[in-house]
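Line by line, the protein sequences are chains A and B.
Under our numbering, think of the first position of the first sequence as 1, with each following residue one higher.
Under our numbering, think of the first position of the second sequence as 1, with each following residue one higher.
Hints listed in this document are in silico derivations from the structure and should not be mistaken for laboratory results.
Backbone N, C-alpha and C define an ideal beta-carbon position, used for all residues, glycine too.
Mixed in with the good hints there might be a few duds.
[As the list claims (entries may be wrong)] From the derived model, a few chain A residues whose C-beta atoms are all more than 10 Å from chain B:
| # | residue |
| --- | --- |
| 1 | 7 |
| 2 | 64 |
| 3 | 77 |
| 4 | 105 |
| 5 | 112 |
| 6 | 114 |
| 7 | 150 |
| 8 | 178 |
| 9 | 191 |
| 10 | 214 |
| 11 | 231 |
| 12 | 236 |
| 13 | 238 |
[What the hints assert, rightly or not] Estimated spans, in silico, between C-beta atoms of each pair:
| # | chain 1 | residue 1 | chain 2 | residue 2 | range |
| --- | --- | --- | --- | --- | --- |
| 14 | B | 455 | A | 9 | 38 to 46 Å |
| 15 | B | 71 | A | 178 | 32 to 40 Å |
| 16 | A | 155 | B | 823 | 38 to 46 Å |
| 17 | A | 4 | B | 107 | 24 to 32 Å |
| 18 | A | 178 | B | 193 | 50 to 58 Å |
| 19 | A | 84 | B | 151 | 42 to 50 Å |
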Amino acid sequence: MAGLELLSDQGYRLDGRKATELRKVQARMGVFAQADGSAYLEQGNTKALAVVYGPHEIRGARSRALHDRAIINCQYSMATFSTAERKRRPHGDRKSTEMSLHLKQTFEAAVLTQLYPRSQIDIYVKILQSDGGNYSVCVNAATLAVIDAGIPMRDYVCACTVGFVDETSLADLCYAEESGGVSSLALALLPRGGQIALVQMDARLHQDHLDTLIEAAMTACKGVSKVLDQVVRQHLQEGSTLRE
Amino acid sequence: MIKTERILHLRRFRGRKVRVVREHYLRERVPCFSSLCQADCANGVKVLPGDLTHYVMPDADVVVDYLEILELKELQGIIFTQTACQALHSKGRRFYNRLRSLVKDPRFHCVQFANEFQQYSFCPREKGESQEKWQTRCVYSAAVWYYNHLAGMMNVVMITEDEEAVAQYSSLHSGVYVVTVQDYLQNFWPDLQAAQELYASISQALEEREAEDSQREFPEHLPAEVMEAGIKSGRYIQGTLSVNKHRAQSEALVQTEGSSSQAMDLSSGVLVHGGKNRNRAVHGDVVVVELLPRSEWRGRATLLTEGQGDDRSPDDGQEKPMPTGRVVGVLQRNWRDYVVTFPSRDASQSQSRSCQRVLTVPWDRRIPKIRISTQQAEALQDHRVVVRLDSWESTSLYPNGHSVKVLGRAGELETEVQTILVENCIHVPPFSEAQMKEMPLSSPEKPWRVDPAEVARRRDLRDSHLVFSIDPLGCEDVDDTLSVRSLAGGTLLELGVHIADVTHFVPEGSLTDLEARTRATTYYLADRRYDMLPAVLSADLCSLLGGVDRYAMSVLWELDAGSLAVRRVWFGRTVIRSSYQLHYELAQALLNGEEVRVPELERFCPEEKDLKLAQLIQALEMLTRVSRHLRLQRDRGGALELEGVEVRAQLDKDKNITALVPRQPLEVHETVAECMIYANHWVARKIQESFPNRALLRRHPPPRLELFSQLVDTAKAMGFSVDTRTNKALADSLDRAVDPQDPMVNRLLRMMATRAMSQALYFSTGSQPQDQYYHYGLALDRYTHFTSPIRRYADMVVHRLLTAALELEQGAGPAGILATNRELEELAQHINNKNWTAQRAQSASTGLFQCLFFRDRDPQTDLRCVADAIIYAIRDNGVLVFVPEYGIKGPVYLRNKEGQVVSAEAGGSCKWQGGKVRRYPSYITTTTAGGCSATFRLMSHITVRISVRSSSCHSDTLVLEVISNQPHRGSGPPASQGHRQLVQEVVRLAESAQQTAAPTHKLSRQERDFLQSRTPNLYSILEEIRELALMDLDALSQASEQTVLTVPDPLP
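Go ahead and model the full structure; you've got the sequences and the hints to work with.
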């Protein structure tokens, strides 16, 4: 059997999207009452749950405290039932650790940590179902959770993966595309200022194509930010009507 | 954003069953690609016409099994559903790519419809529904959608092979018909005989496949993932199978790609011995082999076998066992169309039990016999037929195929020429109506004129420059002209090369362009040629004839008058009027100061004439000076000269050839060639700088030194030393290796050097590192083809690149429409392949004519069958010789099958007697039982008799037999005389045979249809001379380009 055709001649991808189209994004904020902030986000078949605690005092070793800003503690995990075959180790493996680190870097760039010196913010993200673009879904879910917790940020952090195939950039890759030999790039953006919080790529790509790929990623991120903005506004509206 | 919806797909992977959930987005707007569309679909350029009686939508199994029928040009309005395409995709990527190119090609009226992404035509697979049923349902619902979408204006016919579906759906919906393929072809296309026959032959082949008996002849192939894992781990080796032409039954070699990780050296390939080990692989397939244990390794056979004409195989170390393996699987079948011959009755009766299955013998010896199921076996006896392979089951000794097209009776000239075309995958249909419609009108009454608006956009050189062309006498398609003048009071020289602006008339993507791209080059066979562009372009509008306004692409250099250094280069589109259409001899005579008549000057009065003549001569002199300088520059860099025979054609008033006379090489040839090389070089620099990773250039890789061993050894035997380390050293040492007694020695040495060269290639700059751009033969760092857009597609691509580069300079941004590096590399590969097939077809047709020439002569009595030959290589049981008179190369056996050897008598004549042969590096000796001996030395002349061994299934071959070890006495006639006679005579015979046998005017009709000349014209003769001169190296194509000329068809 021949390999999958990721982009047909008529410009359709495997799941029927065009090259620049995102998957369907659905989200809810404030899914748990006990945490300070929480959010649930679906991007296509990738589903993630994000929970935020804090800002609060430093737990554990006090020496970690920074005198001028808050530290951000991230933990990424995947549910054992999130993949087609049951996962043995939900968190703590090398991949998860790396992902946690990436999330931490992303949010250190976005959260106004200097407002909370000598304190700590915890962000826990869990992938419930995995279908490609895990990192970006986590970032998007965590953004909503941080907003839900009322922690001030410079802007939404929106992330998206893009891939490059047949001289075309594909936005928001699904699992079949990610594993089908596309060189993919993950980018987290602060959309209003157009600042990049994090870029991550470990595939081979010709230097000439990098600019177009980043351009495509930024457009996709802006698309995501519109959806997130809508979700936040709707959530606030619901909250305010409830209180009335 | 768009409305989306998610649907779950269940999918099971190989091995372990895994449930995979995939998203599936549906949308309302999916383009329908019909010109009848009422809903403003975003249809592209290619739409189905609205004036058809119906659209046809084939079911998935029809597409999978009967794609060939759907590929017929006559069937119009085909809608391929996505469902069907995916079914084909899972059958194999090759089939899918065929479909893709079909859909892309605007010459075929078919489109692809993404039915599974259309909200209303998609139907999810139900639980327990079989894949086939679901596919049929999908296609039907797409057909219904189409009918409704076009508001009932067009009937849609769905064709399927599933009888149940016909019963179930046919009465469901008016306007959507469901029929079987057979009914469809019979009712809708009753006149299309080809489709019906094709259907019959395919369906019969399919049935046969099912009814196959189960006795196993071959081991099964391994599954794909096992092979892949094996290749990765180094247990198996992947490579392309090439079958030895002379031992097709037993010997095949697998050429490996990249060296394996193992310590052993597999660079020379892996031997596959015998049919069992080959395991159903066919020549050209990509196979996976497993090495056999070392004890079973064997060497290649070494002796010259009957019928061997190739002298490329290395002649040392043959006894040594080499890695040997067996095929465990086939990764990719590379089956093409094959020409086979149906056996005559007496031969076929013995083997055809059911009389419907016939074993046919392919023309290509490397292909195994093919079993064809047909009702027409009786009628097709001794006919050549085009067939396609369908399958080769492990239970069958032979592959199964089906016939596609009947070419004609074996042995007839037309059949044999068509055979050569098919075997080389050359497809040259006459230019279609639609393509001709794209051409501008030009008739003798109303000649085509330049458009003033277009002239305004171009630089006008009509009055400012003295433009002239130098070509062989009688040339019709002039694609290059020259100009030279002094500027700035004589301190600067301006040299100009003006090339026909073909791309102005052939826009990218037009039908003519697509046709030209498919052909890639003009094909020259021994007796005819197939043009790349329609004649209206190649012989008229794009031909830079004298005295008329023509569009051109020009390169103008400003050179320092003293040092000849380049000051400035200008590229651009121009309009020119060539003042003189000179020919080489005339130009040279002018340069030599001889009194000659220039036809263009006849109408002037004497004073004006002298003035003009002086101007022209001055220009020619300047040109000569410049090109000498350029040549010197390249010579310093190490340019090679591998020239062979130069022949001049003499013509009478009707432009018939009266004689071919060996020609003194004129300096003006080199002058023109040098200017063209210079233009090509500068254009290459320009486009490479503008598009560093997507310019089409031409490179000539340096040859592998070990290939020179034969040349070095031969030269050493003759007492010359040849240094092959660099191109400069090689050129110098070849110049020194001259035997004053025998000019043929130098020619043969140059010929061997040429054979050792690698081929020059087109490539895209993005796919090679910059140090690989070098052109070895011309000693230039960058080179491309720019100067013959009329007969090479590569030149057209380069013209477009140059235009884009110029537009880019002016600030316009055309870069978007240019081909990407990958597309360009694919195109370059395509053009390279087509060039090789063109070369192969050309030499095959030359061989065909040689055979036809000698077939009708009695070798014992006819004097023309005896010729002088030169020994140029020694083998174990014979020698390889070159016959200059006819340009034939071939083996001469000194020992025959009965063990007899050739012995020479006093007068030099030879006889067969029992004895032995001994081989030495530079000579070979035969000793008979009686004590007589004969010695044959390298480079000595002998006399051979030429006869033909005919074969009903394959091409005929020439047999050379030594009759004397002395030079042929009557080697009087000039080298090419025989050649010219040969082609003319064969054609004349074929024509008279045609007229007597069948009064149909097949040939002349063909001529009308193809708009192409087929009589022996001067062009083909010169092309053959080129072949004879063995100038297949690109370095000389520039020189030979100047010998390209066409003679108008002598027939009305």
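Hints versus structure:
no.: 1; hint: 7; verdict: holds, 12 Å
no.: 2; hint: 64; verdict: holds, 42 Å
no.: 3; hint: 77; verdict: holds, 21 Å
no.: 4; hint: 105; verdict: holds, 30 Å
no.: 5; hint: 112; verdict: holds, 31 Å
no.: 6; hint: 114; verdict: holds, 37 Å
no.: 7; hint: 150; verdict: holds, 30 Å
no.: 8; hint: 178; verdict: holds, 13 Å
no.: 9; hint: 191; verdict: holds, 16 Å
no.: 10; hint: 214; verdict: holds, 19 Å
no.: 11; hint: 231; verdict: holds, 15 Å
no.: 12; hint: 236; verdict: holds, 23 Å
no.: 13; hint: 238; verdict: holds, 23 Å
no.: 14; hint: B:455 / A:9: 38 to 46 Å; verdict: holds, 40 Å
no.: 15; hint: B:71 / A:178: 32 to 40 Å; verdict: holds, 36 Å
no.: 16; hint: A:155 / B:823: 38 to 46 Å; verdict: holds, 40 Å
no.: 17; hint: A:4 / B:107: 24 to 32 Å; verdict: holds, 29 Å
no.: 18; hint: A:178 / B:193: 50 to 58 Å; verdict: holds, 51 Å
no.: 19; hint: A:84 / B:151: 42 to 50 Å; verdict: holds, 45 Å
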